[in-house]
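Listed below are the residues making up each chain.
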Amino acid sequence: DVKVTQSSRYLVKRTGEKVFLECVQDMDHENMFWYRQDPGLGLRLIYFSYDVKMKEKGDIPEGYSVSREKKERFSLILESASTNQTSMYLCASSFTGYPYNSPLHFGNGTRLTVT
Amino acid sequence: RKEVEQDPGPFNVPEGATVAFNCTYSNSASQSFFWYRQDCRKEPKLLMSVYSSGNEDGRFTAQLNRASQYISLLIRDSKLSDSATYLCVVAFSGSARQLTFGSGTQLTVLP
Chain A
35 DVKVTQSSRY LVKRTGEKVF LECVQDMDHE NMFWYRQDPG LGLRLIYFSY DVKMKEKGDI
95 PEGYSVSREK KERFSLILES ASTNQTSMYL CASSFTGYPY NSPLHFGNGT RLTVT
Chain U
483 RKEVEQDPGP FNVPEGATVA FNCTYSNSAS QSFFWYRQDC RKEPKLLMSV YSSGNEDGRF
543 TAQLNRASQY ISLLIRDSKL SDSATYLCVV AFSGSARQLT FGSGTQLTVL P
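Heads up: the sequence lines are chains A and U, in that order.
The letter at position 79 of the first sequence is residue 113 when you use this note's numbering, and the numbering goes up by one with no holes.
The letter at position 14 of the second sequence is residue 496 when you use this note's numbering, and the numbering goes up by one with no holes.
It should be emphasised that the hints constitute simulated quantities derived from the structure, not laboratory data.
Just so you know, these numbers come straight off a predicted model, no measurement behind them.
By construction, the Cβ of each residue, glycine as well, lies at the ideal position given by its N, Cα and C atoms.
Do not take every clue at face value.
One side of the interface only, derived from the structure: several residues of chain U facing chain A at Cβ under 8 Å [as the list claims (entries may be wrong)]:
(1) Leu528
(2) Ser585
(3) Gly586
With the rest of the complex left out, here is chain U (with noise of 0.2 Å):
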């Protein structure tokens, strides 16, 4: 089983969809959990932290669920910019080293 598994897609969604991504982590003593977007053949960028409460930052919403040991990406009113792969990543210490990638989930927007 792998360390972090997310539903590689593809999500083709129309403009104006709402969208929601979910990313499971096999190691509960997880500690910290991001969200990047990597556009077609460009590096991963940053695109949210995860923090515990939840957080929001405009149409993105991310949600953690440390019982069941997953995180959620939500999308709102979708553009045709969102389309790109989100990568969950899930670091299970304090140390750099233990950082782990999800495979990333491809989404399409649609005209």
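If we strip away everything but chain A, and leave its shape as in the complex, we get (with noise of 0.2 Å):
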């Protein structure tokens, strides 16, 4: 069964402090992906990676960075948190697959609040 761990469930941290969210995943999978979700917005993607080192920016990647330096690692960095990042971050890998996508399997998320 894949495992996809985040590090933090719940986080609480200052503003203009710089934040890092780890996400690991045990299956080998090329995909790695940032998503945050908030109540009637839905899960928006931040960044994806598909594969080591190599990153694209998402629907809102504003305020945020990432890092990829192994397969199974993904890290995403707010490097001056704000308020308005107050959310949910959830962290999804997959393989690649072609012509058809192949479905996600996510973490279980981090609740991050900034105060």
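Got two chains here, each in a separate frame; can you build the complex from them with the hints?
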């Protein structure tokens, strides 16, 4: 069974802090994703990576950066946390299916509160 | 217009009822379709993929209508444990980037 593990379940940070969210998957998936989920807005893609050291911006990359130094690990970085980044952050992974997409496997989420 | 639209509900149905959700998508080039289930304060989990010919998994049936650009999910004999939010996911190409989520339909099964 695919396991996607996020390092923290709940996190409280202050405005202006640098925040690291870590995600590890154990299924050798090529693709990894970071989403945020907010009430009424659904899941929105922040960044995704299709290979080590490769990344692409999603729909809402502003204020975020990512790092993928190893295939199994994908980190989301909030350079200077702001209150509007308070949200549920979900990491996901999938293998590369072509031409049809393979489904995503999600971690259990990190609920980040920025005060 | 949103790329993927779902009726947010809530749908409140009695145990044993049959309930159906629709999801419409705007991009006719869409290729892959999924239904995910998300319990309160939990992560989304894949419920089932949706195939062109339609597919069934126990009490759950998924259908795809490419001409009208919608997918549906039918739940028969609803259980209390079916209470969750159901997310429609549409992929517009073979690229992993091109996955779009609906906002979800909330289902509550009542005793």
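Checklist line | Hinted contact U:Leu528 with chain A - closest CB pair below 8 Å | finding: holds (5 Å)
Next item on the list: Against chain A, run the beta carbon of U:Gly586 and see if the smallest gap drops under 8 Å.
Entry: Holds, about 6 Å.
Check: Given U:Ser585 was flagged as interface, is its beta-carbon under 8 Å from a beta-carbon of chain A?
Finding: For U:Ser585, the interface hint holds, since the closest Cβ of chain A sits about 4 Å away, which is under 8 Å.
Comparing the model with each earlier hint shows no violations; every hint is respected.
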